[in-house]
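Residue 261 in the UniProt record's numbering sits at position 261 of the sequence shown; the count goes up by one each step and never skips.
Careful, some of the hints might be misleading.
Ranges of calculated distance between the beta carbons of each label pair, as one might list FRET restraints [said to hold, decoys possible]:
{"no.": "1", "residue 1": "V366", "residue 2": "G43", "range": "19 to 29 Å"}
{"no.": "2", "residue 1": "I36", "residue 2": "K171", "range": "29 to 39 Å"}
{"no.": "3", "residue 1": "L158", "residue 2": "E271", "range": "42 to 52 Å"}
With a straight-line Cα cutoff of 35 Å, these simulated DSBU-like cross-link-like pairs (lysine-lysine) come out [said to hold, decoys possible]:
{"no.": "4", "residue 1": "K187", "residue 2": "K171"}
{"no.": "5", "residue 1": "K314", "residue 2": "K187"}
{"no.": "6", "residue 1": "K314", "residue 2": "K22"}
{"no.": "7", "residue 1": "K378", "residue 2": "K187"}
{"no.": "8", "residue 1": "K139", "residue 2": "K314"}
{"no.": "9", "residue 1": "K123", "residue 2": "K205"}
{"no.": "10", "residue 1": "K139", "residue 2": "K123"}
{"no.": "11", "residue 1": "K314", "residue 2": "K126"}
{"no.": "12", "residue 1": "K126", "residue 2": "K139"}
{"no.": "13", "residue 1": "K378", "residue 2": "K139"}
{"no.": "14", "residue 1": "K187", "residue 2": "K270"}
{"no.": "15", "residue 1": "K22", "residue 2": "K270"}
{"no.": "16", "residue 1": "K187", "residue 2": "K269"}
{"no.": "17", "residue 1": "K205", "residue 2": "K22"}
{"no.": "18", "residue 1": "K378", "residue 2": "K205"}
{"no.": "19", "residue 1": "K75", "residue 2": "K378"}
{"no.": "20", "residue 1": "K171", "residue 2": "K314"}
{"no.": "21", "residue 1": "K205", "residue 2": "K139"}
{"no.": "22", "residue 1": "K126", "residue 2": "K205"}
{"no.": "23", "residue 1": "K378", "residue 2": "K269"}
{"no.": "24", "residue 1": "K378", "residue 2": "K270"}
{"no.": "25", "residue 1": "K171", "residue 2": "K269"}
{"no.": "26", "residue 1": "K269", "residue 2": "K75"}
{"no.": "27", "residue 1": "K75", "residue 2": "K314"}
{"no.": "28", "residue 1": "K75", "residue 2": "K270"}
{"no.": "29", "residue 1": "K22", "residue 2": "K75"}
{"no.": "30", "residue 1": "K187", "residue 2": "K139"}
{"no.": "31", "residue 1": "K123", "residue 2": "K314"}
{"no.": "32", "residue 1": "K378", "residue 2": "K22"}
{"no.": "33", "residue 1": "K22", "residue 2": "K187"}
{"no.": "34", "residue 1": "K171", "residue 2": "K139"}
{"no.": "35", "residue 1": "K205", "residue 2": "K314"}
{"no.": "36", "residue 1": "K187", "residue 2": "K205"}
{"no.": "37", "residue 1": "K378", "residue 2": "K314"}
{"no.": "38", "residue 1": "K378", "residue 2": "K171"}
Because the hints were derived from the structure by calculation, they are not lab data.
The C-beta atom is built at its ideal place from N, Cα and C for all residues, glycine as well.
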Amino acid sequence: MLICAICNSTATSLHFGAASCKACAAFFRRTVALNIEYECIEGTHDCEIHHGIRSKIKSSLNGFGRLAKRMACKKCRYEKCLRSNMLREFVQSKGKRGPEPKEISENVQDYQSPSTSQSPIEKDQKDQECRAVREHYIKLESTLNRSRKLLFTESRILDIFSGLCIMPFEKSQLRPFDFRTFQGFEKQEYVIMFNYAASMLAFDKLCSPDQNFLFRMACGVDFILNSAFYTCQLGIEHNFLVSQDGRYILMVPQPLTGDEPGAGVLFPKKEDLEKYQNIVQPRYAFWRDFVPRFHDYNLTFEEFTLLKAMSIWKAISSQQQELLFRTLLNLCEETCGEDGATRAGNLVLFLTVIHEEVMELIHNLVLVTLFDFLNSDKVLTEIIDLNSVYPT
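Use the sequences and the hints to build the structure in full.
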């Protein structure tokens, strides 16, 4: 059995020249591709990086705040990747060009049937199937937005039922974020996300553990992608990072990170400072690294709904993934003509970036729940515990 050279968990294979688990491989890829620089939280450059450190910390009665930081030290984790012979050269950096349009188009052909092999009736049937899938996910996302409009705004009932709901908020309805009162998802949000997941095509054909896992993926992907989409539609011109619940954080000038000299005096208790750091720092990294790349795609609402569904199904059903890709390709060919295949291919390549961001979200949620920085609903703790997916 391979052992991850970085965190000592079970390794899946060699990644970038070293035996590593998927989590450490994704961390290394993201760090190199985005050219991220870290600083050692403790300043010692010898923080322990081990997947089992969480259980050690749980049983520790003294100094657990410091151990939490050591577990989260990305500088030491990255340096251990390099010491374990992971090679930066094996990662395509952010500055390098991706596959050429021709190459992407050729790969896309794997999902297409040659037009010469399709009768007009067969092609029309496939087009109708794609339109039905597209309409389903557009209505599903619109319903989710209506639920959020009802939950988080003072909108009139008449406005909630007035046509397709592309955005749940207006700019005037956005609320400033306050870390002191933030507790994660509200209970009602889990309910509307469950309704969203349960309404996805083929959900009822999944076994119970897969339904369970799909619901969790839907929560994570929604938190990432809907925040990015709402930000690009409502907040980016004002330098607002907008979350899925309509709260915003002003990102320019850069918000206080909590690591500045003397920052601790601004917080009544050390626990308040640690809570602030573990919430605001990841959100600023999301604004800096992910939102610009998402914004560059200039997604339409229709493209967004399909990309979101593909992100959720990616690790669960290759059949649904392929159906969604055909639907996305059909949409892109309608809107972009000859460039449709390239457009669809580029969006598919972006799925890897989305999933890396979801993994980063899970890492941060483990920290804030493990050390009880949030007085959050117990559902959140269960969602990030994959051991609860499959009954024992």
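Here's how the hints hold up against the structure:
Our hint of 19 to 29 Å for V366 and G43 holds, since their Cβ atoms are close to 23 Å apart. Distance hint check: the CB atoms of I36 and K171 are about 31 Å apart, consistent with the given range 29 to 39 Å. The hinted range of 42 to 52 Å is satisfied by L158 and E271, whose Cβ atoms lie roughly 44 Å apart. This hinted pair checks out: K187 and K171 have alpha carbons roughly 25 Å apart, not beyond 35 Å.
Proximity of K314 to K187 is assessed by CA-CA distance (about 26 Å); at most 35 Å being required, the pair is judged to hold. Proposed proximity of K314 and K22 is supported: the alpha carbons are some 15 Å apart, at most 35 Å. Under the criterion of a C-alpha separation no larger than 35 Å, the hint pairing K378 with K187 is consistent with the structure, at around 10 Å. A C-alpha spacing of about 21 Å is found between K139 and K314, which places the hinted pair at or below 35 Å, so the restraint holds.
Distance hint between K123 and K205 is fulfilled; the C-alpha atoms sit about 27 Å from each other, no more than 35 Å. For the hint pairing K139 with K123, the CA-to-CA distance comes to about 24 Å; that is within 35 Å, so the pair holds. Of the supplied pair hints, the one linking K314 and K126 holds, its CA atoms being roughly 22 Å apart against a limit of 35 Å. The suggested pairing of K126 with K139 holds, with an alpha-carbon distance near 20 Å, which does not exceed 35 Å.
For the given pair, K378 sits about 30 Å from K139 by alpha-carbon distance, which is consistent with the 35 Å threshold. A hinted pair counts as satisfied when its Cα atoms are at most 35 Å apart, and K187 with K270 qualifies at roughly 28 Å. For the hint pairing K22 with K270, the CA-to-CA distance comes to about 34 Å; that is within 35 Å, so the pair holds. The straight-line distance between the Cα atoms of K187 and K269 is roughly 27 Å, inside the 35 Å bound, and the hint therefore holds.
Restraint check for K205 and K22: satisfied, since their Cα atoms lie roughly 28 Å apart, inside the 35 Å limit. Distance restraint check for K378 and K205: the Cα-Cα separation of roughly 28 Å lies within the 35 Å cut-off, and the hinted pair is therefore satisfied. Between K75 and K378, the direct Cα distance comes to roughly 31 Å. Compliance with the 35 Å bound is thereby established for this hinted pair. Simply put, K171 and K314 have alpha-carbon atoms about 33 Å apart, close enough for the 35 Å limit, and the pair holds.
Annotation: proposed proximity of K205 to K139 holds, straight-line Cα distance about 21 Å (limit 35 Å). The hinted pair formed by K126 and K205 meets the criterion: a straight-line CA distance of about 22 Å does not exceed 35 Å. With a C-alpha separation of about 24 Å, the suggested pair K378 and K269 falls inside the 35 Å cut-off, and the hint holds. Taken as a hint, the K378 and K270 pair is honoured in the structure, with Cα atoms around 24 Å apart against an allowance of 35 Å.
At roughly 34 Å between alpha-carbon atoms, K171 and K269 fall within 35 Å of each other, so this suggested pair holds. The straight-line distance between the Cα atoms of K269 and K75 is roughly 26 Å, inside the 35 Å bound, and the hint therefore holds. Distance hint between K75 and K314 is fulfilled; the C-alpha atoms sit about 30 Å from each other, no more than 35 Å. At most 35 Å may separate the alpha-carbon atoms for a hinted pair to count; K75 and K270 meet this at roughly 23 Å.
A distance of roughly 18 Å separates the Cα atoms of K22 and K75; the hinted pair therefore holds under the 35 Å criterion. Our distance criterion of 35 Å between C-alpha atoms is met by K187 and K139, whose separation comes to about 23 Å. A distance of roughly 26 Å separates the Cα atoms of K123 and K314; the hinted pair therefore holds under the 35 Å criterion. Note on K378 and K22: the hinted pairing holds, with a Cα-Cα distance of about 27 Å set against a maximum of 35 Å.
Between K22 and K187 the alpha-carbon distance is near 31 Å, which keeps this suggested pair within the 35 Å criterion. Pair hint K171 plus K139 holds up; C-alpha atoms about 23 Å apart against a cutoff of 35 Å. Taking the CA atoms of K205 and K314, the gap is near 16 Å; set against the 35 Å cutoff, the hint holds. Between K187 and K205, the direct Cα distance comes to roughly 26 Å. Compliance with the 35 Å bound is thereby established for this hinted pair.
A threshold of 35 Å between alpha carbons decides the hint, and for K378 with K314 the separation of about 26 Å falls inside it, so the pair holds. Annotation: proposed proximity of K378 to K171 holds, straight-line Cα distance about 32 Å (limit 35 Å).
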